[in-house]
Amino acid sequence: MNPDSLDPVIHQPIRLRIMAALCQLGAREQVDFTFLKSSLGLTDGNLGAHLSTLAEQEYVALEKTFVERKPKTYVAATATGRRAFATHVAALQSILKPQ
Amino acid sequence: MSDPITPEEAAEALRLIDASRAAFRAAVGAKRGYQHLWIWGAVWATQCLYIQLAPIVHAWVPNSLCVAGIIGSLLVGRNQARAFRAPRDRRFFAALAAIIGFGVFVWPFIFLGHHPLSEQGASQTLFAYVSLIAMQCYVLAGIWFDNHLLWVGSLVSVLIVVGYVFFIAWFWWWMALFAGGTLIASGFYIRHSWK
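If you're matching them up, the sequences are chains A and B in order.
With the working numbering, you'll find the first sequence wraps up at 99, consecutive numbering, no jumps.
With the working numbering, you'll find the second sequence wraps up at 195, consecutive numbering, no jumps.
Pulled out of the complex, with its shape left as it was, chain A reads as follows (with noise of 0.2 Å):
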């Protein structure tokens, strides 16, 4: 794997925990804003913000929807989203094998 192949937007510390956790769920599931908020520990803004980075380069999806007269986020990583992090974990562990 080449260290080339490392993605910047996935990168940034926040985003690398978004995906981390995101990747873990099954392929056809999503997890609520709230729910993943309190897991990672970030504020509303904060993962937020980064979710709509990750968003437009196609890495998660986000569906807007109402619980219960409430209304809910739920987030997915998509398949797009899988590889790009699953190239750049094997990017990152790559720099650390011996050439």
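What you were told as hints is all true, and nothing was included just to trick you.
Computed, partial: chain B to chain A, Cβ under 10 Å: (1) Ala-11; (2) Leu-14; (3) Asp-18; (4) Ala-23; (5) Ala-26; (6) Val-28; (7) Ala-83.
Hints are computed from structural coordinates only; laboratory data are not their basis.
Computed from a predicted model, the values in this text were never measured in an experiment.
Note that the Cβ used here is the ideal one computed from N, Cα and C, for glycine as well.
Starting from the structure of chain A, add chain B where the hints point.
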């Protein structure tokens, strides 16, 4: 990336990923479906112990336990759905309906000439039959969504058949310990495996 990162930075990023995965898995672990296994393991074990130990068995007691299990499962499912959700898979629910529909309403009439739910004389047969249908649902859910449920459904199915065929005299003890107990133990395993 334009600026190459150092091995130390790469190592730090990988540590961050591991820590984030661990923290998220621990949070997710508290919301996973193992509570359903605990609920139904406890329901089965209690039903079987009641039938084994009660001087007079009243049908409303095991039936009420079953209703309590359904209510408990619905409450747990509702709580989980607040944190996670997956798109409803109509094919899965259709397959589930086919298993339950044929198992309860079609095959018994055709092959046994009577409905097992109205059979009063062989409560072990009825319990084993209905339990096996429930485990078929677990197997289906395991094939569809999560390997854990496939193994749990297969294992408990084998245990039910073994108990029914070889240990019918101790059937209720067997079912309480090996069917109900295995569901509860599987719940602990799934919970642990998500940490």
